[in-house]
Amino acid sequence: AFAAEWKWDGIRIQAVAGVSPEGERIVRLYSRTGEDISPAFPDLVEALDFEGAMDGELLVVREGRVQSFNVLQQRLNRKTVTAKMLRDYPAHMRAYDLLVEAGEDLREQPFAARRARLAALIARTASPRLDLSPLVPFASWEALAAARADPASAGAGVDAEAVEGVMLKRADSLYLPGRPKGPWWKWKRDPHTVDAVLMYAQRGHGKRSSYYSDYTFGVWTQAEGVDTLVPVGKAYFGFTDEELLAIDKFVREATVNRFGPVREVLHEPDAGLVLEIAFEGLARSTRHRSGIAMRFPRIARLRWDKPPREADRLETLEKLLGAEG
Numbered sequence: 007a008f009a010a011e012w013k014w015d016g017i018r019i020q021a022v023a024g025v026s027p028e029g030e031r032i033v034r035l036y037s038r039t040g041e042d043i044s045p046a047f048p049d050l051v052e053a054l055d056f057e058g059a060m061d062g063e064l065l066v067v068r069e070g071r072v073q074s075f076n077v078l079q080q081r082l083n084r085k086t087v088t089a090k091m092l093r094d095y096p097a098h099m100r101a102y103d104l105l106v107e108a109g110e111d112l113r114e115q116p117f118a119a120r121r122a123r124l125a126a127l128i129a130r131t132a133s134p135r136l137d138l139s140p141l142v143p144f145a146s147w148e149a150l151a152a153a154r155a156d157p158a159s160a161g162a163g164v165d166a167e168a169v170e171g172v173m174l175k176r177a178d179s180l181y182l183p184g185r186p187k188g189p190w191w192k193w194k195r196d197p198h199t200v201d202a203v204l205m206y207a208q209r210g211h212g213k214r215s216s217y218y219s220d221y222t223f224g225v226w227t228q229a230e231g232v233d234t235l236v237p238v239g240k241a242y243f244g245f246t247d248e249e250l251l252a253i254d255k256f257v258r259e260a261t262v263n264r265f266g267p268v269r270e271v272l273h274e275p276d277a278g279l280v281l282e283i284a285f286e287g288l289a290r291s292t293r294h295r296s297g298i299a300m301r302f303p304r305i306a307r308l309r310w311d312k313p314p315r316e317a318d319r320l321e322t323l324e325k326l327l328g329a330e331g
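Take the sequence shown: its position 320, counting from 1, is numbered 326 in this note's numbering, and each next residue is one higher.
Derived from the structure by calculation, the hints contain no laboratory data.
Don't take every hint at face value.
[As the list claims (entries may be wrong)] The calculated lysine-lysine pairs, modelled on DSS-like cross-linking and capped at a C-alpha distance of 25 Å, are:
(1) Lys194 / Lys240
(2) Lys325 / Lys240
(3) Lys192 / Lys325
(4) Lys213 / Lys194
(5) Lys194 / Lys325
(6) Lys213 / Lys192
(7) Lys187 / Lys325
(8) Lys240 / Lys85
(9) Lys213 / Lys255
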């Protein structure tokens with residue numbers, strides 16, 4: 007049997023809290039890449055009061071409502087955290103899973119048991135900055151598809167705009183490292199999205215002629231037994247002016263080659279920039295080395311938190327193309 011829960015559009019984090027041998031309370035927040043991001047979120051660190059390790063989503067919640075990822079970005083990659091930032095963009099953790107409680111490792115227990123322990127722990131903690139990600143009840147796959155398409159009517163309410171899909175988890179699933187397929191499935195909402203890696207950039211036109219605003223991105227595939235990136239599309243819009251400045255800065259600092267007006271940027275498994283690309287569909291193409299062309303690709307968001315090795319694969323797009331006929 008599967009349980010379903012909302013997939014929130016934030017940053018995946020792990021919160022670890024406890025007491026040192028000297029009696030000092032310690033709370034650490036780690037990103038999906040293992041980076042300690044605690045200094046950037048002192049408001050959340052201060053609010054977490056439990057002993058163990060928790061998996062969840064970092065969000066911004068204002069007046070009881072989960073804000074969009076674009077709002078959360080105001081708290082990301084900041085060298086200093088101002089009082090105004092803490093006030094305007096309060097950090098919040100919505101918990102998915104419990105890995106450790108009071109020194110007891112729960113990862114080998116089934117999800118249903120871990121979930122029950124997590125619910126009880128959060129109820130005891132009663133922190134306004136921490137809550138439990140609700141389950142999505144469904145009697146059939148058709149009902150779940152309807153909930154995914156219209157989260158507001160399926161219990162997400164005013165938070166529906168911050169839902170990017172549903173997570174399916176086997177009730178008996180263990181907590182496994184990495185991204186194993188089978189026990190857990192992520193079912194995103196439309197439109198189609200793919201995590202791709204920025205490979206090349208070129209200056210734009212008109213008011214963007216001073217900035218690198220035209221981007222070629224790729225996904226992973228195997229070539230002669232080695233993972234390599236293959237270009238699958240270009241995007242020219244979808245980002246804010248602030249994001250344009252950030253990408254332009256990255257391109258200038260990460261250039262590894264120049265081909266006339268085109269700059270090749272660093273795109274290694276552990277170094278580069280991941281772009282979440284939204285698109286309306288796929289088509290076969292003999293003009294692209296990948297054999298695939300995207301319809302209306304645009305940059306949905308910048309994934310500074312995600313290493314390039316976790317970007318999607320060409321095989322995923324080929325399966326989608328096959329499903330679309």
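Results of checking the hints against the structure:
{"no.": "1", "hint": "Lys194 / Lys240", "verdict": "holds, 22 Å"}
{"no.": "2", "hint": "Lys325 / Lys240", "verdict": "holds, 20 Å"}
{"no.": "3", "hint": "Lys192 / Lys325", "verdict": "holds, 16 Å"}
{"no.": "4", "hint": "Lys213 / Lys194", "verdict": "violated, 35 Å"}
{"no.": "5", "hint": "Lys194 / Lys325", "verdict": "holds, 16 Å"}
{"no.": "6", "hint": "Lys213 / Lys192", "verdict": "violated, 39 Å"}
{"no.": "7", "hint": "Lys187 / Lys325", "verdict": "holds, 15 Å"}
{"no.": "8", "hint": "Lys240 / Lys85", "verdict": "violated, 31 Å"}
{"no.": "9", "hint": "Lys213 / Lys255", "verdict": "holds, 17 Å"}
Of the numbered hints listed earlier, those contradicted by the structure are 4, 6, 8.
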